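Colleague: Taken in order, these protein sequences are the chains called B and P.
Counting from 2, one number per residue, gives the positions in the first sequence under my numbering.
Counting from 9, one number per residue, gives the positions in the second sequence under my numbering.
It is worth saying that the hints were derived from the structure and are not from the lab.
Remember, it's a predicted structure, so these values are computed and weren't measured experimentally.
Fair warning: there could be bad hints in the mix.
[Claimed, not checked] Listed next, the in silico DSBU-like pairs over lysine-lysine satisfying Cα-Cα at most 35 Å (straight line): (1) B:28 x P:110; (2) P:110 x B:63; (3) B:52 x B:63; (4) B:63 x P:34; (5) P:110 x P:34; (6) P:34 x B:52; (7) P:64 x B:63; (8) P:78 x B:72; (9) P:77 x B:28.
[Unchecked claim] Derived contacts from chain B toward chain P, CB cut-off under 7 Å, selection only: (10) 66; (11) 67; (12) 102.
A virtual CB, placed ideally from N, CA and C, is assigned to each residue, including glycine.
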Amino acid sequence: NAGVMQNPRHLVRRRGQEARLRCSPMKGHSHVYWYRQLPEEGLKFMVYLQKENIIDESGMPKERFSAEFPKEGPSILRIQQVVRGDSAAYFCASSPRDIYGYTFGSGTRLTVV
Amino acid sequence: SQQGEEDPQALSIQEGENATMNCSYKTSINNLQWYRQNSGRGLVHLILIRSNEREKHSGRLRVTLDTSKKSSSLLITASRAADTASYFCATDVGNTPLVFGKGTRLSVIA
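Input sequences plus hints: build the corresponding full structure.
Modeller: In structure tokens:
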């Protein structure tokens with residue numbers, strides 16, 4: 002079992018470009034969570050998805066950010082028109098149910114230049 | 009919103025010593041979890057303690073939970089240089105994603 006796979010590991014975007022972050026959950030896990038982490042900070046919840054459904058997006062900015070978890074394929078976190086403040090590490094986690102510990106991916110480090 | 013707060017923010021100890029980190033939270037929980045993060049990596053789940061449990065062990069880790077004080081502690085015994093990492097507590101209040109604290113940065117000096 003390969004665990005939670007995130008790609009790319011590092012992503013550099015110019016201001017105004019789009020960033021697409023991918024997350025493949027562990028096999029058998031139907032719950033996916035995206036978190037953002039700034040240097041020396043904890044993780045801030047962004048969005049919680051199950052297959053084809055957004056369950057909770059209360060931590061995700063209303064503009065420029067979107068997420069999906071299609072029936073087939075990985076979960077995608079999309080950031081449009083990136084700004085310098087979007088630079089952070091973005092972590093995806095999955096769980097088989099919402100009462101178990103999460104398995105995290107290694108993250109995508111987004112740098113906006 | 010529900011949040012765990014770790015204390016201390018940073019801890020430096022000698023190899024072989026015990027390390028104790030604390031976590032306080034605000035409202036009732038279903039369970040509390042501890043995670044570890046090595047620099048530049050994702051979080052690794054260490055241990056989960058349910059609200060009806062008071063203590064749990066896993067190898068060199070011991071976790072306690074005091075629901076009356078809304079606090080938990082993580083003890084790492086006989087620490088090693090490889091234990092150097094950030095440690096986070098996360099609270100599960102049910103039907104919502106885990107909320108993480110800002111973590112304790114542990115440095116174990118050989």
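Colleague: Does each hint fit the structure? Answer for all of them.
Modeller: Here is what the structure says about each hint:
1. For a cut-off of 35 Å, the pair hint linking residue 28 of chain B to residue 110 of chain P stands: about 29 Å separates their Cα positions.
2. Of the supplied pair hints, the one linking residue 110 of chain P and residue 63 of chain B holds, its CA atoms being roughly 24 Å apart against a limit of 35 Å.
3. In summary, the hint linking residue 52 of chain B to residue 63 of chain B is supported, as the alpha carbons are separated by about 21 Å, within the 35 Å threshold.
4. The suggested pairing of residue 63 of chain B with residue 34 of chain P holds, with an alpha-carbon distance near 27 Å, which does not exceed 35 Å.
5. For the proposed pair residue 110 of chain P and residue 34 of chain P, the alpha carbon gap of about 15 Å is at most 35 Å, so the pair holds.
6. Distance check on the hinted pair: residue 34 of chain P and residue 52 of chain B sit about 31 Å apart at the alpha-carbon level, within 35 Å; holds.
7. Only pairs whose Cα atoms come within 35 Å are accepted, and residue 64 of chain P paired with residue 63 of chain B is rejected, the gap being roughly 40 Å.
8. This hinted pair does not check out: residue 78 of chain P and residue 72 of chain B have alpha carbons roughly 40 Å apart, beyond 35 Å.
9. For the hint linking residue 77 of chain P to residue 28 of chain B, the alpha-carbon distance of about 38 Å lies beyond 35 Å, and the restraint is violated.
10. A distance limit of 7 Å between C-beta atoms decides the matter here; for residue 66 of chain B the minimum to chain P is near 16 Å, and the interface restraint is violated.
11. Given hint, residue 67 of chain B at the interface with chain P, is violated; its Cβ is 18 Å from that chain's nearest Cβ, farther than 7 Å.
12. Because the smallest distance between the Cβ of residue 102 of chain B and any Cβ of chain P comes to about 4 Å, under 7 Å, the interface hint for this residue holds.
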